[in-house]
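Asker: So you can see what is in the structure, the chains are spelled out below.
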Amino acid sequence: MRKFDTKVQYLKYKVLREVARQAWNDTLLDNLLDIPKIIVPGKTPTMRCCVYKERAILSERVKLAMGGDESNSNVIEVIETACDECPMGGYEVTNSCRGCLAHRCEDVCKRGAITFDHQHVAHIDKSKCVNCGACAKVCPYTAIVDRKRPCENACKIKAIHMNEDKAAAIDNDKCIACGACVYQCPFGAISDKSFILDVIDIIKKSDNNRNYKVFAVVAPAISSQFTYAKLGQVIAGLKELGFYTVIEAALGADMVAYSESRELAEKGFLTSSCCPAFVSYIEKSVPELLPYVSHNLSPMGTISKYIKEHDAPCKVVFIGPCTAKKAEVQRDSVKPYVDAAMTFEELQALFDSRDLDITTLHEDVLDNASYFGRIFARSGGLSDAVAQGLKEQGIEFDLKPCACDGIEACRVALLKKSKNLLDANFIEGMACTGGCIGGAGCLTHGEKNKAGVDKYGKEAYEKTISDAISVLE
Amino acid sequence: MKITVCIGSSCHIKGSRQVVERLKEIIAEKNLDDKVELAGTFCMGKCQQGVCVTAGDKFYSVSPESVDEFFKENILPEL
Numbered sequence: 001m002r003k004f005d006t007k008v009q010y011l012k013y014k015v016l017r018e019v020a021r022q023a024w025n026d027t028l029l030d031n032l033l034d035i036p037k038i039i040v041p042g043k044t045p046t047m048r049c050c051v052y053k054e055r056a057i058l059s060e061r062v063k064l065a066m067g068g069d070e071s072n073s074n075v076i077e078v079i080e081t082a083c084d085e086c087p088m089g090g091y092e093v094t095n096s097c098r099g100c101l102a103h104r105c106e107d108v109c110k111r112g113a114i115t116f117d118h119q120h121v122a123h124i125d126k127s128k129c130v131n132c133g134a135c136a137k138v139c140p141y142t143a144i145v146d147r148k149r150p151c152e153n154a155c156k157i158k159a160i161h162m163n164e165d166k167a168a169a170i171d172n173d174k175c176i177a178c179g180a181c182v183y184q185c186p187f188g189a190i191s192d193k194s195f196i197l198d199v200i201d202i203i204k205k206s207d208n209n210r211n212y213k214v215f216a217v218v219a220p221a222i223s224s225q226f227t228y229a230k231l232g233q234v235i236a237g238l239k240e241l242g243f244y245t246v247i248e249a250a251l252g253a254d255m256v257a258y259s260e261s262r263e264l265a266e267k268g269f270l271t272s273s274c275c276p277a278f279v280s281y282i283e284k285s286v287p288e289l290l291p292y293v294s295h296n297l298s299p300m301g302t303i304s305k306y307i308k309e310h311d312a313p314c315k316v317v318f319i320g321p322c323t324a325k326k327a328e329v330q331r332d333s334v335k336p337y338v339d340a341a342m343t344f345e346e347l348q349a350l351f352d353s354r355d356l357d358i359t360t361l362h363e364d365v366l367d368n369a370s371y372f373g374r375i376f377a378r379s380g381g382l383s384d385a386v387a388q389g390l391k392e393q394g395i396e397f398d399l400k401p402c403a404c405d406g407i408e409a410c411r412v413a414l415l416k417k418s419k420n421l422l423d424a425n426f427i428e429g430m431a432c433t434g435g436c437i438g439g440a441g442c443l444t445h446g447e448k449n450k451a452g453v454d455k456y457g458k459e460a461y462e463k464t465i466s467d468a469i470s471v472l473e
Numbered sequence: 474m475k476i477t478v479c480i481g482s483s484c485h486i487k488g489s490r491q492v493v494e495r496l497k498e499i500i501a502e503k504n505l506d507d508k509v510e511l512a513g514t515f516c517m518g519k520c521q522q523g524v525c526v527t528a529g530d531k532f533y534s535v536s537p538e539s540v541d542e543f544f545k546e547n548i549l550p551e552l
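Protein chains in written order, with my numbering: chain A, 1 to 473; chain B, 474 to 552.
Partner residues aside, some chain A positions facing chain B, computed with beta carbon under 10 Å:
# : residue
1 : Lys213
2 : Val246
3 : Glu248
4 : His310
5 : Glu473
Source of the hints: derived by calculation from the structure; they are not laboratory data. The C-beta atom is built at its ideal place from N, Cα and C for all residues, glycine as well.
Model the full assembly from the supplied sequences, consistent with the hints where possible.
Answerer: Given below as structure tokens:
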């Protein structure tokens with residue numbers, strides 16, 4: 001029995017697995033409408049008010065598993081029927097208030113927003129309250145709470161808000177598809193679209209890699225995933241699914257580190273371009289800083305381009321921890337090189353849709369990149385790799401990196417730069433805290449282990465960037 | 474004559490980089506740049522026989538130690 005962090009994750013997985021299973025057998029169109037009943041049989045609801053609501057929501061999830069709403073350009077969608085319309089309203093007095101004598105809340109409130117009724121219970125006047133939180137801090141019964149929506153709380157760039165129907169609504173002009181809200185929503189009402197049907201189709205049409213080869217490009221964050229098996233078994237599993245061979249995206253990262261360090265030395269100031277959510281944030285919210293973004297494709301784009309140029313005809317599928325990558329592969333600059341992007345969550349569903357128990361497989365090998373390419377998966381890794389790139393190419397440049405851990409840190413650094421107050425010449429922007437290992441498409445969202453990434457990096461056969469990329473003549 | 478060396482994961486850890494480097498050296502030493510083309514590919518599908526090398530349309534299993542011998546016996550006579 002596979003272990004999942006939350007029931008939401010387990011439910012998403014079940015839908016993906018069932019949709020994939022039907023797709024492999026070419027029975028999806030026939031059984032589409034029955035899938036919700038397969039997943040929620042019987043009459044007893046376990047998640048919502050009734051099984052009919054559960055099935056209605058499942059139909060929406062099936063739609064998302066099949067690629068979602070085509071008229072919505074965002075890869076992240078809100079399932080309105082699943083949204084619990086969580087109350088929000090800032091600070092409120094709960095019934096833990098005992099109507100005490102001290103009234104510390106009233107004393108500390110600078111706006112005079114607190115009054116008392118005839119039972120001496122406190123009430124906050126919303127027209128005066130500015131949500132400073134001072135009253136909540138001083139209440140000895142912690143009777144004052146801050147009512148926030150988990151989705152709004154997760155989104156540090158305020159791209160999600162409540163619409164007129166009180167459901168969550170994403171502002172596509174601001175949303176960067178990082179998936180923070182997807183991970184946080186306790187009702188699983190926000191989800192990334194899935195393109196596994198495209199992946200299954202690509203594999204089927206390759207006719208066992210005879211018509212064209214299907215390459216899997218895997219992100220270095222894989223080292224923190226599938227911990228119930230060995231990494232070599234995951235690679236073997238990918239080949240069992242039908243991929244011809246597996247290549248490390250980290251090799252693309254090695255290539256990027258080299259050209260990024262050169263570009264930085266030439267231009268004097270640069271931001272990274274490997275995190276698609278970070279780039280999207282600059283495009284949508286700070287476009288005046290766009291000229292500073294590196295011209296390099298991301299590691300995924302870079303290695304996929306190489307593969308397409310050298311091993312055609314072929315199809316390239318990216319597998320990683322990232323929901324924003326699904327948006328990146330739709331860009332004109334990346335589309336020719338990557339045919340589909342999926343997450344580790346989806347890969348688990350794919351394995352199980354074929355009843356493939358990877359723990360029974362032999363250990364295959366995955367080793368193309370150097371330590372420096374692999375550490376891109378954690379915050380600070382790219383900066384270290386750029387420093388190494390400068391060193392190996394003998395470039396004299398005083399690197400002053402600013403490793404921004406999470407989109408909030410990125411926002412602050414970019415704000416400082418736009419006001420010329422930033423004391424750094426390289427911004428490493430990672431939208432997910434911890435770096436890519438904190439991505440929303442991960443199977444496990446436990447304590448993210450940066451040291452684990454370094455350990456995985458040290459296991460690489462190549463110890464320098466130039467050794468890793470020297471074979472790519 | 475086109476020599477293709479596999480640079481996939483399995484051959485990589487068996488020393489394909491060293492095979493490529495040594496081949497480059499030999500080609501330069503013997504001034505064969507215009508006669509021999511060197512290329513790389515990601516996986517030839519014969520991982521047990523690494524490092525996999527194809528020359529013309531023939532397949533060879535080479536190691537970093539046996540590059541010189543491989544070149545002398547299989548490439549030079551064909552040029």
